[in-house]
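Go by the hints and put chain B onto chain A.
Number of protein chains: 2
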Amino acid sequence: MSSVVIVGSVAFDNIITPFARGEFLLGGSASYASIAASYFAPARLVANVGKDFEERFLERFRKRNICLKGLQIDPAGETFFWAGKYHENFDQRDTLETRLNVLEHFRPDLPEDYRTTPFALLANIGPDLQVHLLDEMDPATKPFVVADTMNLWIDIMRAKLMEMIARVDLLVLNDEESEMLTEERNVYKAGAALRDLGPKFVIIKKGSHGAILFGPEGKLFAMPAYPVEDLLDPTGAGDSVVGALTGFLASKNATDFDSIKQAMIYATVTASFTVEAFSCDSLESAGREGIDTRAARLREIIEVE
Amino acid sequence: MSSVVIVGSVAFDNIITPFARGEFLLGGSASYASIAASYFAPARLVANVGKDFEERFLERFRKRNICLKGLQIDPAGETFFWAGKYHENFDQRDTLETRLNVLEHFRPDLPEDYRTTPFALLANIGPDLQVHLLDEMDPATKPFVVADTMNLWIDIMRAKLMEMIARVDLLVLNDEESEMLTEERNVYKAGAALRDLGPKFVIIKKGSHGAILFGPEGKLFAMPAYPVEDLLDPTGAGDSVVGALTGFLASKNATDFDSIKQAMIYATVTASFTVEAFSCDSLESAGREGIDTRAARLREIIEVE
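Respectively, the protein sequence lines represent chains A and B. Here the first sequence stands for residues 0 to 304, where the numbers follow numbering that gives the first Met the number 0. Here the second sequence stands for residues 0 to 304, where the numbers follow numbering that gives the first Met the number 0.
In isolation and in its complexed conformation, chain A is listed as follows (with noise of 0.2 Å):
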């Protein structure tokens, strides 16, 4: 069993769905990704906050036994708030408001343990930031680097963002993002174009379409989301995805194909339970037995015999 290291955002979400609303919400990339990851595996969360990050909301990330030592509280600032709004059908949304705050000095400060940590997951923010932690972590450990992204860093830091690509393992992106990156709407198409920009491995995720997984010699593997019923709120999906995604592989020490196959079975049945509830409070509540449950019944849909 390996620990992960995870940088990205924390953050209070407001966020208006077609059918709920709700306010000041845990959210942010590394907080869903880190108690996703937490299920398999030691977590170790790089972020900041600010000084309204209350005591209530660490105790969230303790529950999951994720490390803080890596988390920079800064009394002077706030915490990075958004505000979504999602359209009927959940097809899109729209940013009502961003307030940066403490994210907009964030630099990522590595703790001298956590740079041999052999899995790190980079997970959505600034690609500057990303290329950070990596130059931060120890040359000789050569983790296994997995990285998620948004259409934002596509459009305002293409220059870094590819070079954040380069360095990575794994890939994850959606499709409208790996349609943005490569001008490649054929999905299959898009993640040859992906892998060609360095990563050995590529995920394209079509949301409740499931996702596409492309390895080295046109290694393939493609598979449907678990169902879900009932969609609350899909913010953090991704993000969960993400964070099993890394647990799951840092749990079994492996970095092969079939591995991140069994891990994306993992990743969309632990992003199941995330869209069940608004945050991450699904998530926190639904355990390792209830992902396994679901993990089981996963493998039994998409058997053919």
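Since the hints were derived computationally from the structure, they do not count as laboratory data. Keep in mind it's a predicted model, so treat the numbers as computed, not measured. Possibly wrong hints are sitting among the right ones.
If you want the footprint, here are the derived chain A segments under chain B, 3+ residues with CB under 8 Å [what the hints assert, rightly or not]: (1) 41-48; (2) 184-190; (3) 199-209; (4) 259-273.
Okay, derived cross-link-like pairs now, DSBU-like style, lysine-lysine, Cα gap no bigger than 30 Å in a straight line [what the hints assert, rightly or not]: (5) A/Lys260 / B/Lys260; (6) B/Lys188 / A/Lys260; (7) A/Lys260 / B/Lys84; (8) A/Lys188 / A/Lys199; (9) B/Lys260 / A/Lys84; (10) A/Lys218 / B/Lys260; (11) A/Lys218 / A/Lys188; (12) B/Lys260 / A/Lys188; (13) A/Lys260 / A/Lys218; (14) B/Lys260 / B/Lys188; (15) A/Lys260 / A/Lys62; (16) A/Lys188 / B/Lys84.
What the simulated footprint calls covered on chain B by chain A, stretch by stretch (three residues with Cβ under 8 Å from a Cβ of chain A suffice, anywhere in the stretch; the number is not a length) [what the hints assert, rightly or not]: (17) 116-122; (18) 126-133.
Cβ coordinates follow ideal geometry from the N, Cα and C atoms, glycine included.
Same frame as chain A, but now just chain B:
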């Protein structure tokens, strides 16, 4: 090995895609479906054509050993004609012209020995004609009935369509049609709602995103589509799916959930040939060996370990 009786349309199509155009192409739901089915089991075609349906077109069916005893040739009329244009990315298509011609007065007339065929495929055609074919079948045979439909019939012939659906064993439709019929956008809820209309099994197709099979007792199977890199013309993909599906089941003389899963593998693979060329061209040249090779590849792609 059982036979399959197939009712549907035989047509000439004019098709414009973003990349190419074709005129007076052999088309129609029963053309695609019967050629697809013929790779697995003897197919019996019930359709009608006009005096313009030249010998060379009949020859294409004969080459696949499709029985044409049920094909009515109207010496006074012309074959059903459809012209359509696909939008960029094939997301949508517009009908440019429809000439019903001989299809307007089509009345499926079942040759006596067709009446006891153990598998019946109601390919896409008016639900009145689909019901008529079922009425012509020998009641003692209790054929396994597979049915397809399209948005048009949901719009203009809903009551008859419901009557047809209630008499079907396996209903196959796409996600848009399933939403139109059930008013349920969530595909898992839609699948359950469709089964409540009568069919023991329901398949909801999601185009390039694969398909989901719903069976009794909450049985579920989800699979990706066969990876297609060079889509030329999607016309006939759905018809090829139901043709291969029913043909495969007839070849095994099986109608259980696990056999339908296997049939779905062959169905998506067969359709992957169809969309790589205009008309039935690639479907006809695929060969059973080509289909088997892709089926083995798809099995690899969806297998977890």
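Verification of the hints:
{"no.": "1", "hint": "41-48", "in the structure": "violated (count 0)"}
{"no.": "2", "hint": "184-190", "in the structure": "holds (count 5)"}
{"no.": "3", "hint": "199-209", "in the structure": "holds (count 4)"}
{"no.": "4", "hint": "259-273", "in the structure": "holds (count 3)"}
{"no.": "5", "hint": "A/Lys260 / B/Lys260", "in the structure": "21 Å, holds"}
{"no.": "6", "hint": "B/Lys188 / A/Lys260", "in the structure": "27 Å, holds"}
{"no.": "7", "hint": "A/Lys260 / B/Lys84", "in the structure": "39 Å, violated"}
{"no.": "8", "hint": "A/Lys188 / A/Lys199", "in the structure": "15 Å, holds"}
{"no.": "9", "hint": "B/Lys260 / A/Lys84", "in the structure": "39 Å, violated"}
{"no.": "10", "hint": "A/Lys218 / B/Lys260", "in the structure": "23 Å, holds"}
{"no.": "11", "hint": "A/Lys218 / A/Lys188", "in the structure": "13 Å, holds"}
{"no.": "12", "hint": "B/Lys260 / A/Lys188", "in the structure": "27 Å, holds"}
{"no.": "13", "hint": "A/Lys260 / A/Lys218", "in the structure": "11 Å, holds"}
{"no.": "14", "hint": "B/Lys260 / B/Lys188", "in the structure": "20 Å, holds"}
{"no.": "15", "hint": "A/Lys260 / A/Lys62", "in the structure": "29 Å, holds"}
{"no.": "16", "hint": "A/Lys188 / B/Lys84", "in the structure": "25 Å, holds"}
{"no.": "17", "hint": "116-122", "in the structure": "violated (count 0)"}
{"no.": "18", "hint": "126-133", "in the structure": "violated (count 0)"}
Of the numbered hints given earlier, the model fails hints 1, 7, 9, 17 and 18; all others are met.
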